[in-house]
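Here the protein sequences come in this chain order: A and B. For the first sequence, our numbering begins at 1 and goes up steadily by one. For the second sequence, our numbering begins at 1 and goes up steadily by one.
Because the hints were derived from the structure by calculation, they are not lab data. These figures come from a predicted structure and were not determined experimentally. A virtual CB, placed ideally from N, CA and C, is assigned to each residue, including glycine. Among the clues, some could well be false.
What the hints assert, rightly or not - Quick list of simulated restraints, FRET-style, between CB atoms:
no., chain 1, residue 1, chain 2, residue 2, range
1, A, P143, B, L19, 49 to 59 Å
2, A, E152, B, V106, 51 to 61 Å
3, B, I27, A, H219, 31 to 41 Å
4, B, L79, A, Q26, 52 to 62 Å
5, A, D38, B, L79, 46 to 56 Å
6, A, E152, B, H89, 38 to 48 Å
7, B, V97, A, W177, 22 to 32 Å
8, B, A87, A, M16, 47 to 57 Å
9, A, W177, B, A102, 31 to 41 Å
10, A, H219, B, L79, 35 to 45 Å
11, A, M68, B, L79, 37 to 47 Å
12, B, A87, A, H219, 18 to 28 Å
13, A, S176, B, A87, 17 to 27 Å
14, B, L79, A, D173, 11 to 21 Å
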Amino acid sequence: MTQQGADRPAPPSPAMLDVEIWRGGQEGHYEDFRVPRDENQTVLDVVTYVQRHLAPALAYRFACRVGMCGSCAMTVNGRPRWTCRTHVARVIEGGRMRIAPLRNLPVIRDLVTDMSTFFDKWQAARGRFVGTEGADAGVGHEPARVRPASPERREADAAIECINCAVCYAACDVVSWREDYLGPAALNRAWAAWNDVRDDDRTGVLRAVAVAGGCLNCHTHQSCTEHCPVALSPTHSIAGLKRASMQAWLRGELKS
Amino acid sequence: MSPANFVLQRATALIMAPLVIAHLILIIAAVQGGLTGEEILARTRGSLGWGVFYGLFVLAAAVHAGIGLQTILREWTNLAKQPVTIASHGFMVLLIVLGGRAVYAVIA
Ligand code: SF4
Ligand code: SF4
Ligand code: FES
Chain A
1 MTQQGADRPA PPSPAMLDVE IWRGGQEGHY EDFRVPRDEN QTVLDVVTYV QRHLAPALAY
61 RFACRVGMCG SCAMTVNGRP RWTCRTHVAR VIEGGRMRIA PLRNLPVIRD LVTDMSTFFD
121 KWQAARGRFV GTEGADAGVG HEPARVRPAS PERREADAAI ECINCAVCYA ACDVVSWRED
181 YLGPAALNRA WAAWNDVRDD DRTGVLRAVA VAGGCLNCHT HQSCTEHCPV ALSPTHSIAG
241 LKRASMQAWL RGELKS
Chain B
1 MSPANFVLQR ATALIMAPLV IAHLILIIAA VQGGLTGEEI LARTRGSLGW GVFYGLFVLA
61 AAVHAGIGLQ TILREWTNLA KQPVTIASHG FMVLLIVLGG RAVYAVIA
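Can you build the whole structure from these sequences, using the hints too?
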């Protein structure tokens with residue numbers, strides 16, 4: 001075997017990536033970092049590298065790293081994205097990347113936002129199942145039959161796969177204009193709940209969303225739909241809620 | 001936005017659409033036909049039909065604009081609910097008064 005490489009040139013130093021990352025809380029500044037560029041590197045990989053090697057105090061959130069949990073969303077070069085499934089190659093602009101916390105939510109520290117309002121609005125939009133109440137609830141009841149091909153089941157199916165990442169919430173201008181706007185994710189969830197024919201109070205969903213700051217305030221910008229990483233269409237769901245609310249109101253069903 | 005305002009906003013848009021088209025056709029036809037102001041007024045004065053046509057137009061436009069202004073103020077300013085309501089209702093009344101005067105001037 002011949003000896004090779006004794007006078008071979010040294011391997012080129014890895015290409016570097018210039019990254020700016022938000023540091024601080026609501027008030028703060030961008031800090032510059034240089035991170036080795038890697039093929040197939042995701043934005044979350046970059047943030048993790050910075051935290052492990054350059055800035056151990058950097059705060060950020062992630063859990064699953066495979067696009068399931070919805071905890072890793074950040075603003076990357078101005079757009080809200082799920083960082084664990086976003087390849088650097090797709091978002092890099094002129095060799096640079098700027099990473100900030102999600103818009104429309106208060107910043108706790110660095111890349112971590114306080115998501116309580118986001119989840120409170122899910123509750124306010126009545127995005128949960130309401131079953132038959134009472135001591136005999138469910139006893140002796142025929143199980144509900146929901147045909148997979150029924151229109152309601154299809155609508156619920158289309159809206160159900162939300163991972164609660166708040167990317168749509170950060171993308172929506174109406175959320176940034178009105179603090180009481182329920183936002184695309186909560187309303188999308190409400191649409192899935194309203195389409196559950198087993199629910200005992202479907203009109204209750206409409207009462208919760210046909211209010212000031214509810215579905216009727218959506219401008220149909222479609223920014224939420226454009227950015228949703230799992231390709232849901234909150235815009236479509238909200239249009240459905242508008243229609244259902246309007247019909248229920250005309251029938252006098254929304255009076256509480 | 002309340003369901004009442006949402007429905008009113010759409011209903012007034014539906015009312016205005018054909019009225020705008022009819023109004024445009026009308027003014028183009030009148031100008032092309034060489035009608036003078038006097039001749040136009042002779043046709044509109046005392047006409048219940050034109051009164052209803054433009055009266056409806058003014059009402060629909062005022063309500064539509066009032067609700068629209070309310071939405072814009074709520075979204076683009078920090079004004080509280082009450083000043084927003086006062087401003088948008090005030091604007092609606094103003095449009096009804098100004099429009100009403102104009103309609104009165106060609107009908108009466
Ligand atoms: S479609 Fe509605 S919810 Fe979605 S971004 Fe636009 S205003 Fe927000
Ligand atoms: S609708 Fe899409 S963007 Fe919005 S929270 Fe759910 S998964 Fe995320
Ligand atoms: S880390 Fe779970 S979705 Fe990105």
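Right, here's what the structure says about each hint:
Taking 49 to 59 Å as the suggested C-beta distance range, the pair P143/A and L19/B conforms, at roughly 54 Å. A hinted range of 51 to 61 Å holds for the C-beta pair E152/A and V106/B, which are about 53 Å apart. Checked against the hint of 31 to 41 Å, the pair I27/B and H219/A passes, with Cβ atoms roughly 33 Å apart. Separated by about 24 Å at the C-beta atoms, L79/B and Q26/A break the suggested range of 52 to 62 Å.
For D38/A and L79/B, the Cβ-Cβ distance of about 51 Å falls inside the hinted range of 46 to 56 Å, so the restraint holds. About 40 Å separates the C-beta atoms of E152/A and H89/B, a value consistent with the hinted range of 38 to 48 Å. With their beta carbons about 31 Å apart, V97/B and W177/A fall inside the hinted range of 22 to 32 Å. Separated by about 55 Å at the C-beta atoms, A87/B and M16/A satisfy the suggested range of 47 to 57 Å.
Between W177/A and A102/B the beta carbon distance is about 34 Å. The supplied range of 31 to 41 Å therefore holds. Remark: the range hint 35 to 45 Å for H219/A to L79/B is contradicted by a beta-carbon distance near 19 Å. At roughly 43 Å, the beta carbons of M68/A and L79/B sit within the given window of 37 to 47 Å. Separated by about 21 Å at the C-beta atoms, A87/B and H219/A satisfy the suggested range of 18 to 28 Å.
At roughly 22 Å, the beta carbons of S176/A and A87/B sit within the given window of 17 to 27 Å. The hinted range of 11 to 21 Å is satisfied by L79/B and D173/A, whose Cβ atoms lie roughly 18 Å apart.
The structure shown violates the earlier hints numbered 4, 10.
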